[in-house]
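Undergrad: Listed here are the chains, written in short residue letters.
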Amino acid sequence: MTQHGETNPKSEERIGVYVCHCGTNIAGVVDVQGVAEWAASQLEHRGVVIGRDYKFMCSSLGQELIEKDIKELGLTRVVVAACSPHLHEATFRTACKNAGLNPYLCELVSIREQVSWVHTDKAMATAKSKAMISGGVERVIRHAPLEPLRVPIHPDTMVVGGGIAGIQSALEIADAGYHVYLVEREPSIGGHMAQFDKTFPTLDCSACILTPKMVQVGTHPNITMLTWSEVEKVDGFVGNFTVTVRKKARKIIEELCTGCGICQEKCPKKVIDDVYEAGLGYRKAVYTPFPQAVPKYPVMDVPNCTYFEKGTCKACEKFCPTNAIDFKQQDEILTLQVGAIVLATGYDLFDARRVTNYGYGRLPNVFTSLEFERLSNAAGPTNGNIVLRDGKTTPKSVGIVHCVGSRDRNFNNYCSVICCMQGLKFAHLVHERTGAIVYNFYIDMRTAYKAYDEFYQRVLEEGTLFVRGKVAEITDVARRPDEDGHLIVQVEDTLASKQRRIPVDMVILSTGLQPRYDAKETAKRFGLSCSADGWFIEKHPKLDPISTMTEGIYIAGCVQGPKDIPSSVAQGAAAAARVLGKIQQREISIEPVRASVNQDQCSGCRICNNLCPYNAISFVEDRAVSQVNAALCQGCGTCVAACPAGAISGTAFSNAQILAQIEGLMMLNLEEPVTA
Amino acid sequence: MSDKPKFAMYWAASCGGCEIAVLNINEKILDFDANFEVVFWPVAMDAKYKDVEAMEDGSILLTLFNGGIRTDENEHIAKLLRRKSKLLVAFGSCANEGCVPGLANFSSIKDMVDTAYSTVSTDNPGNIRPLTSYDMPEGTIHIPTLNPTLKTLDQVVDVDYYMPGCPPESHQIAAVIDLVIQVLQGKAELPPKGSVIGAGPSTVCDECQRSRNVKTITSFKRIMMTEIDPDLCLLEQGIPCNGPATRSGCNARCPTAGAQCIGCYGPAEGVVDYGARLISAFASVIDATDPNEIDRILDGIPDPAGQFYRFNLAGSLLRSSKSAWEKEKA
Amino acid sequence: MTDKFEPTIIGFTCNWCSYRAADLAGTARIKYPPNVRLVRLMCSGRLDPTFVFKALSSGADGVIITGCHPGECHYLEQNYKALRRFQLMKRTLVGLGLEPGRVKLIWASAAEGAKFASEINTFVEEIRALGPLHWGIPSDALPVSSVALEEVPA
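Residue numbers (the numbering used here), protein chains in the order written: chain A, 1 to 676; chain B, 1 to 330; chain C, 1 to 154.
If you are wondering where the hints come from, they were derived from the structure by calculation, not from laboratory data.
Every residue, glycine too, gets a C-beta built ideally from N, C-alpha and C.
One thing to keep in mind: the hints can contain errors.
Selected chain A positions facing chain C (Cβ under 7 angstroms, derived; list incomplete) [to be verified]:
id, residue
1, H119
2, M549
3, G635
4, C636
5, I658
Footprint (simulated), chain A over chain C, 3 or more residues, beta carbon under 8 angstroms [claimed, not checked]:
id, segment
6, 7-17
7, 23-29
8, 32-44
9, 52-59
10, 62-72
11, 100-114
Distance windows between CB atoms, simulated [as the list claims (entries may be wrong)]:
id, chain 1, residue 1, chain 2, residue 2, range
12, A, H540, B, P291, 43 to 51 angstroms
13, B, R296, A, H540, 39 to 47 angstroms
14, A, G259, B, R296, 57 to 65 angstroms
15, B, P291, A, A379, 51 to 59 angstroms
16, A, A630, B, P291, 28 to 36 angstroms
So that you can see chain A by itself, here it is in the shape it has in the complex (with noise of 0.2 angstroms):
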């Protein structure tokens, strides 16, 4: 019968199923012996000839369990019940390919994260745990043996971002011999460190050790900088990603700049820095963000230009020594080819203006961590001296609060990591420049990871004074004299118990991270996602936290979540180490999940065309029929489920392994478990 009343072939595989134990994980809720031996007696018919339960399927004797079966029992079809196939898919796939299987005749079902991790009742769990196997037996007979798809690696990469995990992994890449393309929006690379005055725990100065990369990087002939630039686009998938950048145009002839700086100081335009300076300072409408830039060209702020403004000016381009100014240059666009991409796009900063009981903002002597950053840089603004608004006052008290927009219902639920050390970094350096008296206000203090907590105690003994509590209030209104002329910390006081007024002069808001204002929209640029929070998910949250989900695609620092400096740039060389590795296999093999057009079967309604976003179906004009370019096919299975006439087919998910799986899954029904 064709499309009438399917029922059941007999089927004459030879199937194996194999029940892991997981230890206790399945065991201890499931009974595994009886589920393999109902599978090899109650599956009989649909051709299960052996089941089998053992303590670690995973391990090497569990796999050599299955390969002596396959030939010694001439299994054509293993069904291994056990983990997700996230997990050990490829394992047992490689056991039944080790024993001249077709890696794709076999069906891993998990009855550990689907079944006995989830579910208490045991004999609801067994009862679950045959229906699954059931329906991986159903839907293995239908499985045919695939090919994995080769295809060569293209060697270059690009790395995103330019921030310290961007830098390490291009420089890792760079130096092991390969081109990397390093993208970074700004006009320089360097990221949020650049900012920073100095980092904990070790109080190293940032710029000193960060400028040297960044010089590095460069100079580096392996590495093509394309700086005032962002991705548009990424097509095609692992190994060959085409990707289109545009290149903003700076105004300025690369080629001609020697980086003198003239255009700079001869440009009467001066503009609040919101970017490099946190608003608190200026820089001129042509710039450099700061003295170290890398490259040292300067870009031009078009909307704030007196000559794009009015029509007249050009002073820079009047002292220009090399005439290097054009300011007719256009964005360009450029396509490149790449085989990895290293994503580190970094974080924002919390807005504190959120907060709104913490007054910043509204409050003038209320700073972020960032703008003291900045107040405490010796380049910086003030050229490192810790002052009040006014530009001159040195603060007397200093109340630095811990966890704003984090761990917070109200705004991040997540801890930003780095905010408690930032917090005493801060206390640190306010003690020293200052002598002020400072209080940490923290929820709980989090200094774990190597030489933290020394840095903890060392604060401690400065005198630096610790106030356990959210502070609920920062205020200048003052109800005591003493509070006249101050802010106002407002805390309960947990460890004392009591409800504290503390007025200070100066309060440093230790904000938290947050994902890119643009991070989601980044994310679907790269075929990614992003978690409730907005950080980008990385492959396996333990295993792999370098890898994303899209194969090819690799994550590095503040982009998968908040971290510190070490941990950022250990993650931008791990991702150095699976480019790199990937480049070496010269061509990867791609799983075969792909779609295909019977062309007898296709009528040409082009219902499907407008489907795929990879834009793998095209209209044949002259045949009347669509068709899957097989490269840009994903495997998502969309126009499969669309085609009206039941022309396109998917292999690993097609109709047929479907449906069987369902009627499978449906032979058992909970209210009647069969106990074997």
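Using the hints, position chains B and C against chain A.
TA: Same frame as chain A, now just chains B and C:
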């Protein structure tokens, strides 16, 4: 009795259009007569069930069975003809997938009978219902009993070939008869059992001459309330045309004539559920991502179940509406 | 077994978000009732309404379809196609007399193990409240005599 191979045709729950389609093969009927002996064809000649029952099993070469299985009588004859026939063909949409008689699967028998005997169009002051058996002095007499739902032929018996259409196009019938004659003469081979015959492998669009583009639908319209571009794909104009999912073989009669395909040729090769294909296809090309906007567009298909299962309800995965069986079950 | 009605529910998950949410629920040992049996698809866009009809006609009491949140599809925008199909499919099923609550579409990202589990909890309770479905293949389930017609009134 001649030595010619024997032929039967039967009319179960259907309208009779299939028989007329067979007669519409015109002079080809003479070839047919030259090659077959008609042993059972209630519409065309007198015959008794007992005559068929008396035949040897497998003695009829070819039976064209049209109509769905609605009554116990339909079912009895389907089983009888299956036993007596070498080749049993589900002929026409009713036998294949239920067709219009299958739309009764939207209602319970009670609702259906009430509609037939108690609506304003019926003059039935005593609110009388027919009986299925009645005691007479001579004994008890019976009329066929309705089954709870209409079934397709292959939901009752094993079927060798499927010939879709409401009715099957006469040129397709002629071609099938030609084929069988050629097989008898040893000049051709029968297709594999279970094949769909007398139809194309693709769908109506394959034969439709209207021009087609990439589709984005912003609203569905009713054809009688719209001015239609005569050359452009109807679906692209917002007309819910079932052509993309309906098996080819009719030369795209309806779209060519300016009406949307309503799906009488049933699903394409290998398709498990006809309506599901249309649901998926239509929804895929709706141009909206906002649930409310999607709802607004879908309001243009006021009766989706009727739209997608006009011919296929009995042959679909769900076979009937819930109301067709839930009351009796309770 | 308890006297409580234990529904059987088929759930469809996408490989990238909701299947991983189910994995995460497992890793985090978040409990939910065992009434749901999951089918992995590569994307919610792969969901062919045929699968839902198949599940219902095979005896499922409810079907839950899960995918990435709108705007977060691994395949960029295919979950919108799933959404559109779901809405049309649901209308069709309601036209066939199904209670609208027996089919449900929810979004769960790979990070939302807890949400996934709580959605399953909710859905199982909703289906329990609706009672068994056991979509009839009626003539098989019912003896013909049980639908005998009324007598002619005298």
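Undergrad: None of the hints should be skipped; say for each whether it holds.
TA: Structure-based check of all given hints:
no.: 1; hint: H119; verdict: holds (4 angstroms)
no.: 2; hint: M549; verdict: holds (5 angstroms)
no.: 3; hint: G635; verdict: holds (5 angstroms)
no.: 4; hint: C636; verdict: holds (4 angstroms)
no.: 5; hint: I658; verdict: holds (6 angstroms)
no.: 6; hint: 7-17; verdict: holds (count 5)
no.: 7; hint: 23-29; verdict: holds (count 5)
no.: 8; hint: 32-44; verdict: holds (count 11)
no.: 9; hint: 52-59; verdict: holds (count 4)
no.: 10; hint: 62-72; verdict: holds (count 3)
no.: 11; hint: 100-114; verdict: holds (count 4)
no.: 12; hint: A:H540 x B:P291: 43 to 51 angstroms; verdict: violated (33 angstroms)
no.: 13; hint: B:R296 x A:H540: 39 to 47 angstroms; verdict: holds (42 angstroms)
no.: 14; hint: A:G259 x B:R296: 57 to 65 angstroms; verdict: holds (58 angstroms)
no.: 15; hint: B:P291 x A:A379: 51 to 59 angstroms; verdict: holds (53 angstroms)
no.: 16; hint: A:A630 x B:P291: 28 to 36 angstroms; verdict: holds (34 angstroms)
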